[in-house]
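Taken in sequence, the protein lines are chains R and S. If you're matching positions, the first sequence starts at 1 in the working numbering and goes up one per residue. If you're matching positions, the second sequence starts at 1 in the working numbering and goes up one per residue.
It should be emphasised that the hints constitute simulated quantities derived from the structure, not laboratory data. Built from N, CA and C at the ideal position, the CB exists for glycine as well. One or more of the hints may lead you astray.
To be verified - Simulated crosslink set (BS3-like; lysine-lysine; CA at most 27 Å straight-line): (1) S/K403 x S/K385; (2) R/K370 x R/K355; (3) R/K231 x R/K265; (4) R/K464 x R/K385; (5) R/K403 x R/K464; (6) S/K355 x R/K13; (7) S/K128 x S/K139; (8) R/K139 x S/K370; (9) R/K128 x R/K355; (10) R/K355 x S/K13; (11) S/K370 x S/K205; (12) R/K287 x R/K139; (13) R/K49 x R/K13; (14) R/K370 x S/K139; (15) R/K128 x S/K128; (16) R/K128 x S/K139; (17) R/K139 x R/K128; (18) S/K355 x R/K139; (19) S/K139 x R/K355; (20) R/K265 x R/K287; (21) R/K128 x S/K355; (22) S/K13 x S/K49; (23) S/K128 x S/K355; (24) R/K287 x R/K370; (25) S/K464 x S/K403; (26) R/K139 x S/K128; (27) R/K403 x R/K385; (28) S/K464 x S/K385; (29) S/K139 x S/K355; (30) S/K355 x S/K370; (31) R/K355 x S/K128; (32) R/K205 x R/K370; (33) S/K287 x S/K370.
Said to hold, decoys possible - Cβ-Cβ distance ranges computed for the label pairs, FRET-style: (34) R/R131 x S/K287: 52 to 58 Å; (35) R/E234 x S/E46: 37 to 43 Å; (36) S/G286 x R/S194: 48 to 54 Å; (37) S/N29 x R/G192: 33 to 39 Å; (38) R/R366 x S/K139: 20 to 26 Å; (39) S/D239 x R/F77: 30 to 36 Å; (40) S/K265 x R/S53: 34 to 40 Å.
Listed below are the residues making up each chain.
2 protein chains.
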Amino acid sequence: MELLIPLDGASRKPLYEQIYTYICREIRNGNLQAGERLPSTRMLAEHLKVSRSTTQMAYSQLEAEGYIEARPCLGYFVCRVEELVEISRLENGHTEQEPECPDKNEILVDFSPRGIDLNSFPYNTWRKLSRNVLADEQKEMFLPGIRQGELDLREAIRSYLHGARGVNCSASQIIVGAGNEYLLMLLAQILGGSRRIAMENPTYKQAYRVFRSLGFSVCPIEMDENGMSLKGLEESGADVAYVMPSHQFPTGIVMPVGRRQELLKWAESGRYLIEDDYDSEFRYRGKPVPALQSLDRAGRVIYFGTFSRCIAPAIRVSYMVLPPELLERYRRQAGFYASTVSRIDQNILCQFLSKGHFERHLNRMRAIYKAKHDGLLEAIAPLEKDFSIRGEYAGIHILLTCKQGRSEEELIDQAEQAGVKVYGLSSYRIGSGADRAATLLLGYANLTLEQICSGADLLIQAWKS
Amino acid sequence: MELLIPLDGASRKPLYEQIYTYICREIRNGNLQAGERLPSTRMLAEHLKVSRSTTQMAYSQLEAEGYIEARPCLGYFVCRVEELVEISRLENGHTEQEPECPDKNEILVDFSPRGIDLNSFPYNTWRKLSRNVLADEQKEMFLPGIRQGELDLREAIRSYLHGARGVNCSASQIIVGAGNEYLLMLLAQILGGSRRIAMENPTYKQAYRVFRSLGFSVCPIEMDENGMSLKGLEESGADVAYVMPSHQFPTGIVMPVGRRQELLKWAESGRYLIEDDYDSEFRYRGKPVPALQSLDRAGRVIYFGTFSRCIAPAIRVSYMVLPPELLERYRRQAGFYASTVSRIDQNILCQFLSKGHFERHLNRMRAIYKAKHDGLLEAIAPLEKDFSIRGEYAGIHILLTCKQGRSEEELIDQAEQAGVKVYGLSSYRIGSGADRAATLLLGYANLTLEQICSGADLLIQAWKS
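Only chain R is shown next, with the shape it has when bound in the complex:
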């Protein structure tokens, strides 16, 4: 295959980027199909009269972003594109290289489990609070703040966590940071050494990538209906476990108190549990389940929470609650790090919390998400003879498990033919090993009720057996 890539030597855009952009677009618009082999970097370089390092760099970038894959001794091949579009659109907001052509199958309804509904975000309130914080008399807002996070904000978080999640801590145990990923980098330095960390499988892949990049050795642990298998955990040799007990992502499992106690017992002898309570705010039936941390008497739980999900993704504020032993180590080993969140932003957020706006916003969003959740359950009711539904009544996605022998890929393809995007559970697994039955994730947060209903109708048609 020959690639006729028009290069512009006068452009400010480096040549490798021009090559990257061209191939990227060709893959996205389907001119280059999954499985097709690309010319070697040497051949392409000769053909385009550029240096080999230029084509190598373009290919590396394409490979890094998952557009192409290198197969040893065979060369570079185009990957499946659907997943890519999803990653770039949803993780990244938008990318620099926005595809200029529509996808092959036009997607009418995208049940992305990552979206959130920003239509009801209280923009006016946020603007007003920003204005107040930046008012004349607040010049100290531009000075460096407390490294651990502004005290008022930490006190507001403590108060919220205590009331809503049963978390027991003082404000001095809370570390505020610019996102969970940053806080995990900090935690890695506090924990020290190269730890073995157990993760539920399937899990939140982003956390998996962070742990890998930080040099943790990750032990994926299978789950039963109560969450992480304790047998698997004990056999793994891990000394830290990362769990989402309130609403596991992506399975939606709520860990019962028995399993929680077992985990706490496992951790008692010098081990740690990282509790990621990422979407505990959204629960539509029954009482909220208190955090695992609230049961922790031995100081073994490190609690993580974020405002990116329940306020807005652009609000890069997360927090972790350290047990006393680790707080001491934080002060000694990492207490010198300056805060990564601007003092202005911390103060806006603090006022949002302490003046009751946060609670009102959560109540509103809970009502909105519940209506969408109820609408989706009702609309997909006809699927219930072929699929069992899990993970409902909490969070912002549900799971459909196929009762017959159809494969995940087949179901995803059929949905896509009908213009609906659904997400396979297996893409959240670490390593290979498929789930026994095909399971699909349907997120509904950033869809309208109309989109939810028409999406459900299209699925019912597409999956008619």
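Here the structure of chain R is known, so what remains is to put chain S in place on it, guided by the hints.
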């Protein structure tokens, strides 16, 4: 010695924190003096009728923050307090435990090298830009942005760096992050492994702490009048060197082009140079020295810059410019990390840069700092017979080196008796080994001209030989 610490079991403040706060205050107000021995944790626990882990935790925190030190087999002793006050006031903005009593010697003029002048910060402009960015039609500001940083902001940074610093790069090589420290954490993951890093000695201690915490093995390298000794560098076995060629902190040395070329040559064979261009903006005589990166043909320089210093500390935005080889590794290994700076803040900053406000602000601050710099040089002229002056005409501090045999400590003490705080060069050294001659840092950024002159007068009196 007995400590009569009033504890309130009903308080929401944990007991260990009450103990910590009490001792902390006693040290700060001088009731506990440097060198005094504290009761053992066991004795204090018995005396206060609390558990030993409570007193241990209080002591650990005091130790972590440098109030007390443990001497093996002897117990805990009170540290010198002056340095603490400085650290907590200047690094931390203010602390949770603000000292309630004045220091023993009242400080009238503090020549802190860390302060910056915020009186001329264009608050109104910043407020207006914030309002624009948060205007009605800008709802996408609350969605997640590009992981590497907003494209417009990176383009504005590229353009500034090219024009002002001679840096050659494309916007795609720039990674925006919440402070240098975060970017160093990211860089450590990109560089991988446990690297040996060479640092100029004396140096910027905060970067030293970060490298240590990230598991780098730090090789302090002595400096001659041209900067880092190449012989020392070659003997160290380091594969990365962290340098401040434009204006070394704290010595103020500007690295001449010959030494720069030698460093680049050293790095050519697979090594890297981290160029921290932290205060290149402030130069009062001659042409600005272009960045080391501008001479780099082999792609070995990683350029770091920050807006914390030249705009305001609360603006937690820094950037690094990666050479192509590392950019590729970033994309492959760390490209999944979400941006740590809120999209809103990035857009405010972007407008500040692209609408010319940044340039105007820099020009204004350069004029203000130059006036203070000139005022200080004039006011300390009478000291010139006993001291030689270095590091002038750039940055926001100067150095005074004593020509006679007086010690750093003696000079600092004499200044303090007179109500003036000056800073010893040796406190910026890694490891022991004092400088041959006593050298003092005098920062002037956040002092008024009046304070500068009266401070200088007090010093002249205090140091009369």
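Here is how each hint holds up against the structure:
| no. | hint | verdict |
| --- | --- | --- |
| 1 | S/K403 x S/K385 | holds, 8 Å |
| 2 | R/K370 x R/K355 | holds, 25 Å |
| 3 | R/K231 x R/K265 | holds, 13 Å |
| 4 | R/K464 x R/K385 | holds, 11 Å |
| 5 | R/K403 x R/K464 | holds, 13 Å |
| 6 | S/K355 x R/K13 | holds, 23 Å |
| 7 | S/K128 x S/K139 | holds, 17 Å |
| 8 | R/K139 x S/K370 | holds, 23 Å |
| 9 | R/K128 x R/K355 | holds, 12 Å |
| 10 | R/K355 x S/K13 | holds, 23 Å |
| 11 | S/K370 x S/K205 | holds, 26 Å |
| 12 | R/K287 x R/K139 | violated, 44 Å |
| 13 | R/K49 x R/K13 | holds, 17 Å |
| 14 | R/K370 x S/K139 | holds, 23 Å |
| 15 | R/K128 x S/K128 | holds, 13 Å |
| 16 | R/K128 x S/K139 | holds, 15 Å |
| 17 | R/K139 x R/K128 | holds, 17 Å |
| 18 | S/K355 x R/K139 | holds, 23 Å |
| 19 | S/K139 x R/K355 | holds, 23 Å |
| 20 | R/K265 x R/K287 | holds, 25 Å |
| 21 | R/K128 x S/K355 | holds, 24 Å |
| 22 | S/K13 x S/K49 | holds, 17 Å |
| 23 | S/K128 x S/K355 | holds, 12 Å |
| 24 | R/K287 x R/K370 | holds, 15 Å |
| 25 | S/K464 x S/K403 | holds, 13 Å |
| 26 | R/K139 x S/K128 | holds, 15 Å |
| 27 | R/K403 x R/K385 | holds, 8 Å |
| 28 | S/K464 x S/K385 | holds, 11 Å |
| 29 | S/K139 x S/K355 | holds, 22 Å |
| 30 | S/K355 x S/K370 | holds, 25 Å |
| 31 | R/K355 x S/K128 | holds, 24 Å |
| 32 | R/K205 x R/K370 | holds, 26 Å |
| 33 | S/K287 x S/K370 | holds, 15 Å |
| 34 | R/R131 x S/K287: 52 to 58 Å | violated, 42 Å |
| 35 | R/E234 x S/E46: 37 to 43 Å | holds, 40 Å |
| 36 | S/G286 x R/S194: 48 to 54 Å | holds, 49 Å |
| 37 | S/N29 x R/G192: 33 to 39 Å | holds, 36 Å |
| 38 | R/R366 x S/K139: 20 to 26 Å | holds, 21 Å |
| 39 | S/D239 x R/F77: 30 to 36 Å | holds, 35 Å |
| 40 | S/K265 x R/S53: 34 to 40 Å | violated, 21 Å |
Checked against the numbered hints given earlier, this structure breaks hints 12, 34, 40; the rest are met.
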